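> Chains as they are written, first to last, in my numbering: chain A, 45 to 306; chain B, 742 to 1116.
Just so you know, the hints here were simulated from the structure itself, not pulled from any lab data.
Don't take every hint at face value.
To be verified - The following residues of chain B were derived to be distant from chain A, with all beta-carbon distances above 12 angstroms: (1) 744; (2) 745; (3) 761; (4) 791; (5) 808; (6) 831; (7) 886; (8) 942; (9) 950; (10) 981; (11) 984; (12) 994; (13) 1007.
Stated by the list, open to error - Which chain A residues face chain B? A few, computed with CB under 10 angstroms, are given here: (14) 79; (15) 202; (16) 236; (17) 266; (18) 267.
To be verified - Footprint (simulated), chain B over chain A, 3 or more residues, beta carbon under 8 angstroms: (19) 185-198; (20) 206-212; (21) 221-228.
Treat the numbers as computed from the prediction; the structure is a model and nothing was measured.
The C-beta atom is built at its ideal place from N, Cα and C for all residues, glycine as well.
For reference, the chains in residue letters:
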Amino acid sequence: MPPTGTERPRLAVWKFASCDGCQLTLLDCEDELLALTDRVEIAYFPEASSRMLDGPYDLSLVEGSITTAEEAERIQDVRRQSKQLITIGACASAGGIQALRNFADIESFKRTVYAQPDTIESLATSTPIASQVPVDFELRGCPINKSQLLYVLNQALFGQRPTLPTHSLCGECKRAGVTCVMVAGGTPCLGPVTQAGCGALCPRHNRGCYGCFGPSETANTQALSPHLERLGMDPPALVRIYRTFNAAAPQFQAESQAHERD
Amino acid sequence: MESLQRIDLVGFGSLLAQLQAEGYTLIGPRLEAGTIDYGAIEGPDDLPIGWRDEQSPGRYRTLPRNDRAHFGFNATPASFKTRLHRSEETVLEVQRGEQGELRFVPVIPAVKKQAWIGARSCELAALAIQDRVLKDSADPDPRYAARREGVFIVAVHCGQAGGTCFCTSMNAGPKAEGGFDLALTEILDGPEHHFVVETGSDAGAALLERIPHSQPTAADLRRAADAIEHARATMGRHLDTDGLKTALYAQAQHPGWEEVADRCLACGNCTAACPTCFCSSYEDQVELDGANARRTRHWDSCFNADFTHLAGGPVRASTPARYRQWLTHKLASWHDQFGTSGCVGCGRCITWCPVGIDITAEASRIRQANGEPPK
Ligand code: SF4
Ligand code: SF4
Ligand code: SF4
Ligand code: SF4
Chain A
45 MPPTGTERPR
55 LAVWKFASCD
65 GCQLTLLDCE
75 DELLALTDRV
85 EIAYFPEASS
95 RMLDGPYDLS
105 LVEGSITTAE
115 EAERIQDVRR
125 QSKQLITIGA
135 CASAGGIQAL
145 RNFADIESFK
155 RTVYAQPDTI
165 ESLATSTPIA
175 SQVPVDFELR
185 GCPINKSQLL
195 YVLNQALFGQ
205 RPTLPTHSLC
215 GECKRAGVTC
225 VMVAGGTPCL
235 GPVTQAGCGA
245 LCPRHNRGCY
255 GCFGPSETAN
265 TQALSPHLER
275 LGMDPPALVR
285 IYRTFNAAAP
295 QFQAESQAHE
305 RD
Chain B
742 MESLQRIDLV
752 GFGSLLAQLQ
762 AEGYTLIGPR
772 LEAGTIDYGA
782 IEGPDDLPIG
792 WRDEQSPGRY
802 RTLPRNDRAH
812 FGFNATPASF
822 KTRLHRSEET
832 VLEVQRGEQG
842 ELRFVPVIPA
852 VKKQAWIGAR
862 SCELAALAIQ
872 DRVLKDSADP
882 DPRYAARREG
892 VFIVAVHCGQ
902 AGGTCFCTSM
912 NAGPKAEGGF
922 DLALTEILDG
932 PEHHFVVETG
942 SDAGAALLER
952 IPHSQPTAAD
962 LRRAADAIEH
972 ARATMGRHLD
982 TDGLKTALYA
992 QAQHPGWEEV
1002 ADRCLACGNC
1012 TAACPTCFCS
1022 SYEDQVELDG
1032 ANARRTRHWD
1042 SCFNADFTHL
1052 AGGPVRASTP
1062 ARYRQWLTHK
1072 LASWHDQFGT
1082 SGCVGCGRCI
1092 TWCPVGIDIT
1102 AEASRIRQAN
1112 GEPPK
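With the rest of the complex left out, here is chain B:
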């Protein structure tokens, strides 16, 4: 905490310019096609200055704000997952040599320097989960690891929460507690517009040294704390996680799974939008001339019947079973498997569900009602 500094808007511009000078591609929020989503940016002018989002179950809109906030919005449609655990990628190439012999060549991307500008606390919590599963596990994914290596993170503590956010319930926000190189709190108070910066790594501290910064005043620190408190107070949703795992395990035969499945389209939007979901499938494609082949990996979903298709048929043959798998894995069995919840409370699955099914509402409904025994 003694590492708190203050940078003004010019300093913020220098921060981005310095990262670029050090060879980083900047990935930050942009206003595009009716959403605020991450993409390549060149400087502060590319940010959605003065824009916010409005999120509710099954609905997302962008709207102008009445100030010039740079980060006055919440969870983006796509998470940073798309940058590391790509939705589609080639993992292996098979080439036929002149003698007819086969060569198997794994495809591993080169490490590229990318700086993420504006990653939120929930995003970093999700990143820590993905790191645990895809990088630091017994069987790491070398492609994820290579992309991850080049990432520099400029986090932003949320100054407001969205209509579907519930990170406070999941202990994942709105203030990032680690996993960043630098973290900003945007201060917007009348004519005051600057950032309080926290360093989270040696690389972050070194970068901060190279850009103009100053000591924050006591008022700055108070405003920064207020901003985060405001986010806490405006949290759109809440999930009671106390005893949730045991409660959900006890309700495996609850009729509520059938009820939600009547509304659920089994479309898989929730799993694709979720920053922690990692399930994938592999496909082999042989070229027409039979000389070369490629193995690709692509996102899959526990809502897809063919995802768990074994010789005898799909493991989870019905939508109730699939919805139960999704919710129970996120909120209960993830703890047993990976030692944390699989949910960081970003609310994406709620916003981007076309029919607005709300994981917080379903979880509390299922845990509360008394389950009927299986028929």
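One chain only, chain A, in its complex shape:
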């Protein structure tokens, strides 16, 4: 039986550099939230409750990437206090859209945006949580998928290792009977190199995949890119398509850089 009452495991939800969208996915689990709070004590979740209890925590969900020295220190503390640490979302797992800075000069950004750039303390790069501390599981997506989140939480609470598909999105299209936008419409799609998990949201709406869930296990971007070019993408467009929420995921980063040199 799942633990109940006073023995409930303690859950903490942390935010680093991020938009809060993944935390909102947790709050969006309206129907399941009550069942969840029966199972866990929400000890620390500032986005949802002003009650903030001290650690240690049985399970920490971490949203966001590391973009400041303060964050780099704080994540060490979170790790120390957490039995299990699961990252949620593209920011925490790959550096997020803010990792676009990794390809540019942060100092010039600061000068352009802020009246007093000296007051901004920011690292030159945005990096995933796993680059700083050991991570027990990375839940992909921008934002994460609600049912995957519930599954991962459930597995963690039962002490089981979550297993989520790491294959490409195409499997989800075919299972859902979604017509391939690339074959039937000539629309460029990152699905063949993107990890499944979103339920083929974009192809369902006749759009190509944008790669929100990051590279799939065998992402053969070098084979996909020439095909995207045949469908009309020029090198700058290729750089942009690989350079979104998972810009700093190694396979996507290498592919965008290859086309930058073109």
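Got chain A; can you put chain B with the ligands on it based on the hints?
The following block gives chain B with the ligands in isolation, referenced to the frame of chain A:
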């Protein structure tokens, strides 16, 4: 062959209406979202009348025809596999009783009557393969068997072939040789537009008795034979199967597997689109309150690394090994395992491969070139 009859367009409408009256849900081709695919239909008006498809490696389009053909197109994106071997289904429910005891309840669908309108020869050949593996084997799948039981098949012999079709090479078409209740050949010749009907079962013969039909003329029979001959002559592709199994076995270490893997995305579209591929994985999900659990089965693919993941890692660790598994299983080891080829030449894997990898081209390239010994 003495059972050949002729029905006109009105008779065809009656055929569908009669099936409905007998409690069948009609599953037939429809023009939808830029494809011609199978779905629920209510009558002839729902068919893609006057439409065709255009298929080539990695490309599919629908286009208007210059006639009112009802079945003037070829392989649909999804095969009938999706109707029997569902892409996702619950197979077992586990419930916790009041005393904490567990009850295991297998989920088996009720037999439902469905009539498939327009199944092609390749489709029926694939169905026979799936029947052998999933229904008539030592360990049948009760869910597949239950769905299969309710199926009535109105086949259509192809009157044209698609750009990726090669059923003639696989002995699987374009004329259906069995496995149907009724089979139609659509006759379209100037003002002539009707069907020649062949009965394939007692149920088919009984149904035909209940709808208006007549004796076909000699010209009708000639036109029907011509239509099928036209399909044979327009076959988009060809595969030399002579000695293919031995040749492929001999080329297991061929560098060509690496070469195709450079182009292959390992996306698994080919396996999902293939009407004979059946590989699946199972997953257990426990509800949040821990009271109930469910076991689900879903399509998987030999292109997925986690599909063959064992304690030590995936059995086929690289894309060359996975592509070799796919092609060799379809065209060679299937013979040893199930007594037939695993490929019926429908061309779906070619059309629906996003980068247009062509199994016929790869197989002949690999068998022809001299393999380098393994490094
Ligand atoms: S639409 Fe995109 S993700 Fe879906 S099958 Fe086609 S290429 Fe794959
Ligand atoms: S291997 Fe390709 S051509 Fe052969 S049956 Fe499967 S999808 Fe059709
Ligand atoms: S493979 Fe043969 S039977 Fe199948 S659609 Fe093409 S011509 Fe018809
Ligand atoms: S052959 Fe084509 S469809 Fe099959 S896995 Fe490779 S790229 Fe995908």
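> Next step is simple, just say for each hint if it's right about the structure.
How the hints compare with the structure:
| no. | hint | result |
| --- | --- | --- |
| 1 | 744 | holds, 36 angstroms |
| 2 | 745 | holds, 36 angstroms |
| 3 | 761 | holds, 24 angstroms |
| 4 | 791 | holds, 19 angstroms |
| 5 | 808 | holds, 23 angstroms |
| 6 | 831 | holds, 14 angstroms |
| 7 | 886 | holds, 22 angstroms |
| 8 | 942 | holds, 29 angstroms |
| 9 | 950 | holds, 36 angstroms |
| 10 | 981 | holds, 27 angstroms |
| 11 | 984 | holds, 31 angstroms |
| 12 | 994 | holds, 21 angstroms |
| 13 | 1007 | violated, 4 angstroms |
| 14 | 79 | holds, 4 angstroms |
| 15 | 202 | holds, 6 angstroms |
| 16 | 236 | holds, 4 angstroms |
| 17 | 266 | holds, 8 angstroms |
| 18 | 267 | holds, 5 angstroms |
| 19 | 185-198 | holds (count 3) |
| 20 | 206-212 | holds (count 5) |
| 21 | 221-228 | holds (count 6) |
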